Amino acid sequence: MLFLAGGATLPAHAQQMRGTGDLGVVIERAAGRVQVIDTTARSSLATIDGFGDLSHASVVFSRDGRYAYVFGRDGALSKVDMLAQRIERRIPQASNSIGGAISQDGRVVAAQNYTPGGVKLFDAATLELLADVRATPGPDGVPSKVVGLADAPGGKFVASLFDTGEIWVIDAANPRAPKVEKFTGVGKQPYDGLVTPDGRWYIAGLFGEDGLALLDLWHPERGVKRILDKYGRGEEKLPVYKMPHLRGWAVAAGYAFLPAIGRNEVLVVDTRDWKEVARVPVAGQPVFAIARPDARQVWVNFAFPDNGKVQVIDTETRAVVKTLEPGKAVLHLEFTPRGEAVWISARDDNKVVVYDTATLAPVATLAADAPSGIFFTARAARMGF
Amino acid sequence: MLRRTRTVVAAVLVASSAAVAAGGAEAEGPVAVAVAAALAPDAARQRELLRLLKQDCGSCHGMRLTGGLGPPLTPEALRTKPAASLVATIVSGRPGTAMPPWRRFVSEAEAEWLVARLLTGATDGSP
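Residue numbers (the numbering used here), protein chains in the order written: chain A, 5 to 389; chain B, 363 to 489.
FYI, nobody ran anything at the bench for these hints, they're computed from the structure.
Note that the structure is predicted; figures quoted are calculated from it, not measured.
Ideal Cβ positions, reconstructed from N, Cα and C, are used throughout, including at glycine.
Cβ pair distances, simulated, as ranges: (1) A:His-223 x B:Ser-447: 45 to 53 Å; (2) A:Arg-230 x B:Ala-439: 34 to 42 Å; (3) B:Asp-404 x A:Val-325: 36 to 44 Å; (4) A:Ala-385 x B:Arg-407: 47 to 55 Å; (5) B:Asp-404 x A:Gly-158: 56 to 64 Å.
Heads up, incomplete: computed chain B residues facing chain A, CB under 8 Å, no partners named: (6) Ser-421; (7) Gly-424; (8) Gly-430; (9) Leu-431.
The following block holds chain A by itself, in its conformation from the complex:
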């Protein structure tokens, strides 16, 4: 029993040796619990309690795929041992947090916080605080909320500042003394960001204007440029009842599929020149647009009040090929590592539904208490996750 080295007592069912490549977690947002699930057996292995406020939660994984780092709304950071099925460590690190990232080498976990606005770096093994990088104060003197934190090659993290319109590249090669390169005036109210699968590009979505901000991490000296400028063409946008999420975004066959803000559209952009090539009309305002790992399909869920639907876009024809109704209040979807199945959370039906992505038919349902985020360990090996 190799993993008994620490002298810990494991539950009987955890004492069988197993890998973690087909494990994941499902957040139960209202109860503040986390389920550990198995995507091969399509079953729940354990429910772990004691996470506090998970009404918004995000997860990254250790590079060995054993530990899940859970960032809760109340600012707590928890390190979960998925094999022992327990919280190994838990620290309060802010009073309001939105998520986090893990460094390229897996040694540093970064939290992005709304209150106090900034980024904190932690030792991934011990959760010891290594650095506290406070955000630029906004017009009200309060440090800006930080959004869109992602890891990048070279031991870096990239994040956006919602209130001050900045993109920061944080060099955490020495995590006790990080160096910050600041790009100001990138656009109004960046609400989220992402790093492309190859780690080269950082894109921040803008809430306050039509367009996105793009930074070439190979050439930061070229600065941030605007893409999809004025994609709303000056038309009044629809009221936005939920901000889109960009992490887990879709790059498929050289094209990026991005949620439009305040429009019932997915924007299709050529990643060679970052020009818009198409728009796909969809059933509501997209929240997540995520590519199946083979990039043939993009699955989209929607903001209130259209959050009972999920649509499947064929990336070749750029048309919706199927509209699904998995349940009430679909909050998230996650593909298995090679994409034969997708797990979808339906908060108000207290269930997670698993779909076969070839037949587009449901193949399993798991009970979960107001489920929100679903995170599989394959993220451990992906940049920007």
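Assemble the complex: chain A is given as a structure, and chain B must be docked to it using the hints.
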């Protein structure tokens, strides 16, 4: 019992500031209570509104209303805000911010009821 009393007091404040905002004569206390009672949503709708508050307002303000991309909506955080402006913010949104207008889903009377709940912190339980 205490909670019920506080709710009525808040309803008076809401109704009278709404009357002032509308340019009408300031209502007397008992009349305002009657107005608020007449406008109060029924029990089923109250449950829907509290659910909407928690889940959908909660997308930005936090399910526990402690804040997120949007500011906290706890009684302490709202203490200095006039009820009428809170009602207007819900119904019409705040241009230049991420707060959308909710009038498609929430009437002005329902927004007044929600504001009264927010100001007293009585947003978790049954009606």
